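S.K.: Residues per chain, in single letters:
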Amino acid sequence: MQTVIKQFRANIRQYGMLIALLLIMLLFQILTGGILLKPLNVINLILQNSYILVLAIGMVLVIISGHIDLSVGSVAAFVGAVAAFMMVELNVPLAAAVVLSLLMGALIGAWQGFWVAYVRVPSFIVTLAGMLMFRGLTMLVLKGQSVGPFPEAFRALSSGFIPDFSGGGGLHLLSLLIGALLSALLIAIGWRKRLSDIRYNFEVPPRGYFIAQMVILAAALMLFVYVLASYEGIPNILIVLLVLIFAYTFITNRTVIGRHIYAMGGNEKAAMLSGVKTKRVSFWVFVNMGTLAALSGLIFAARLNAATPKAGVNFELDAIAACFIGGASMSGGVGTVVGAVIGGLVMGVMNNGMSILGVGIDWQQAIKGLVLLLAVAFDIYNRNKSS
Amino acid sequence: MTDILLEMRGITKTFPGVKALSNVNLKVRKGEIHALMGENGAGKSTLMKVLSGIYPYGTYEGDVLFEGRRCQFRDIRDSERLGIVIIHQELALSPYLSIAENIFLGNERARGGVIDWGETIARARELMDMVGLDESPNTRVMDLGVGKQQLVEIAKALSKNVKLLILDEPTAALNEHDSENLLRLLKTFKARGLTSILISHKLNEIVQVADAITILRDGATIETLDTARDEITEDRIIRGMVGRDLKHRYPERVPNIGETIFEVRNWNVYHPLQPDRRVIEDVSFHIRRGEVVGIAGLMGAGRTELAMSLFGKAYGKKISGQMLKNGKPIDLPDIPAAIRNGIAYVTEDRKNHGLILIQDIKRNTTLGKLRKVSRHGVIDERREIVEAEGFRQRLNIKTPSILQTTMNLSGGNQQKVVLSKWIFTDPDVLILDEPTRGIDVGAKYEIYTIINQLAGEGKGILLISSELPELLGMCDRIYVMSEGRMTGELTRAEATQENIMRLMARMEGDIRANGH
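One line per chain: the protein sequences are V and A, in this order.
So in UniProt numbering, spot 104 of the first sequence is number 104, and the numbers just go up one at a time.
So in UniProt numbering, spot 262 of the second sequence is number 262, and the numbers just go up one at a time.
Just chain V, with the same shape it has in the complex (with noise of 0.2 Å):
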């Protein structure tokens, strides 16, 4: 049990951001009478925030490597706009018409990023710049109305969900397979992970201590997934996001071009020193923010089935608040992509719950701001109490 304890007070700040994601389900699932879990809107609050998240996953790179990102909501309404403009009005095939925005999406990151890069102008006023310019590009693209409806197809991509082999009736029977395989995967990283600690004589948890964590994981995977399988299945979006998650953690933790974003936001003339590219990496930094803001806009549009000028309003600000929340620090050089993904399901399941609650827009809006103060607050306490 000490053990437990032990390990449980290591973890805490790593887990402390996931405890009170949890804490607050919990108090809306009591709130709501229940309604916060049922399938039906769990499937909303993923469709709800999707967006959302996508951009976080790319805004936490650009707040590690030290700079900041305020266009992203104008960048994917002006991508979503001219994805209207080619498949609406230009009949430009689906696949193709994806493949122009995700590009448009990294050629925005990429101008964005000679700036802030190259010139060295501050990405603050860079992307501030940005932010009035593609929301003005956005209402001359749309000629300042809405513009739609999309193919069906293209729209499957934020209201669809995987298919099944069953045939219908009763459970969702691929989204449990699915399940059941990320969690026979995520037990076999756990086990390869703890049994080269072991060959290499670092310290491990106990057995017991292991076995437990990964059936607890296992198990909240899997009951996650019968309550998705329950109504109609795993909704496409879940698994983009889910790949996105996966890759950029992969991409942040384990790879030279993840050590970079961190030593870069670390410390920029030290990192230079050791022989990092910096200008780079930041200018990479942006590529892949353009390109994730692209899709985010892309997700956008096909939940609407529309464009509209009015898209991407504030989105940046839900995404830089997602990041913070989730132990991002404002100087850079510190922050995780899961943290920012809490971070923005804090946001989204306040959202959700109180709209369920028949709270009002201006009121939800003064609390979100409240919990990020408080959020940042407590980090910031920790932080200071622990050096």
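Calculated from the structure, these hints are not laboratory results.
Treat the hints with care, since some could be wrong.
[What the hints assert, rightly or not] Cβ pair distances, simulated, as ranges:
#1 A:R74 - V:V121: 29 to 37 Å
#2 A:L273 - V:Q365: 40 to 48 Å
#3 V:K279 - A:G132: 38 to 46 Å
#4 V:M214 - A:R383: 22 to 30 Å
Computed from a predicted structure; not experimentally measured.
In this text, a Cβ means the ideal position worked out from N, Cα and C, and glycines have one as well.
Given the coordinates of chain V, assemble chain A onto it according to the supplied hints.
M.R.: Just chain A, lined up with the frame of chain V:
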């Protein structure tokens, strides 16, 4: 002179898990220069924080008596009110404000919140005269050198009617000339009856100016030496600080010198912002395998600029000249190229340019050559840990774990991490820029040992240092720079402190006159 100005009795201060000070006693007489010595981590700074109220009354045990009265400081303002002023190693000046504004920062000459500029400037002039600072009071602090900034700090302290001036490593960032100035100033203050406590690692300075020396080791008072009573030598102080005799300040090395490994010919560098200003002029030098070559020079002689311009053009514009490694010309357009070619540069500013302080030892160690521990861009964290752990043991980095954040390490250990990082890149030539600045005696010796080991492995070492004894003790050959030029080259046998100093001060006119 037996008047006791300050007495600290039985001071004990504990942090969670660590006893930083245990039963420390310190007695400072009125009008003396009292040196406080000890290795990093011995408790000097903690003691001074207790004295100045940064650790308020109640967070420590023991008594602080100032002018015979028991003090219970709640914060730093309480202690300043009594005339205890501390000047930290990191200067607390606002760079964009003028000298006069900085002197009266937080203590403005004002009437009803409106600044009286006449009085501000006039008083600032008086104070600047006292410290011998010959500048306009309206000069921005950022336009001053470190030595003069230090004087501004002291003027600021004097403006507060200081009775006890505490200087924490005041000369660490100063060159010989400015250091001497500062010490002379302390002596003038003493003549006027001002008491000071001096924390320094530079033994020669202490021997030169101190009236009494209190030595701390592992959070306890070891002894207080009195220059009037005891005979004080540098060795005597070292023995007190490390608790044993350090036979030699510099470890023995039998030079095993081979071929020329690195050579620079007619190197010219221009200032990055002022395109007409040539910072390095026609510099040529060479390093052989297994050789430790020193570069001496005053602050501003261009030593760091030279080193950084060589290291993948990290400094300067319009760089020209030839660089040869193993006799073959090489071109290093950027830092990755320098690292690939086996050149390493250990910066003089380890906190701002050397380390990523918020990251752990492991990550700092491998940053310079991550591909050694990765495959296809994916890092093998196990191998990384094994490598970093190897360096921890080899360089004797004192830390419970390589996952320790480098921010929390002492200066000596931080420097060992920086050295680890560069040794990890498998360099053939290491440029070490002030590698022992601000490091205590024991750790210095360890750094010297590492340098000798590297030379023993056949690497070429370029050692830039402002401490002449260090250059004399470590180097096989010493180049001297002045105003961006090489003014001399001395072998170990030829080199003396006087020789080097003469060459360091040699100006452009002299060189021409000598037909050099």
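S.K.: Would you mind marking each hint as holding or not holding in the structure?
M.R.: So, going through the hints one by one against the coordinates:
For R74 of chain A paired with V121 of chain V, a C-beta distance near 46 Å fails the hint of 29 to 37 Å. For the pair L273 of chain A and Q365 of chain V, the supplied restraint of 40 to 48 Å holds, since their beta-carbon distance comes to about 47 Å. Taken as a hint, the range 38 to 46 Å holds for the pair K279 of chain V and G132 of chain A, whose Cβ atoms sit roughly 44 Å apart. With their beta carbons about 25 Å apart, M214 of chain V and R383 of chain A fall inside the hinted range of 22 to 30 Å.
In this structure, the one hint that does not hold is number 1.
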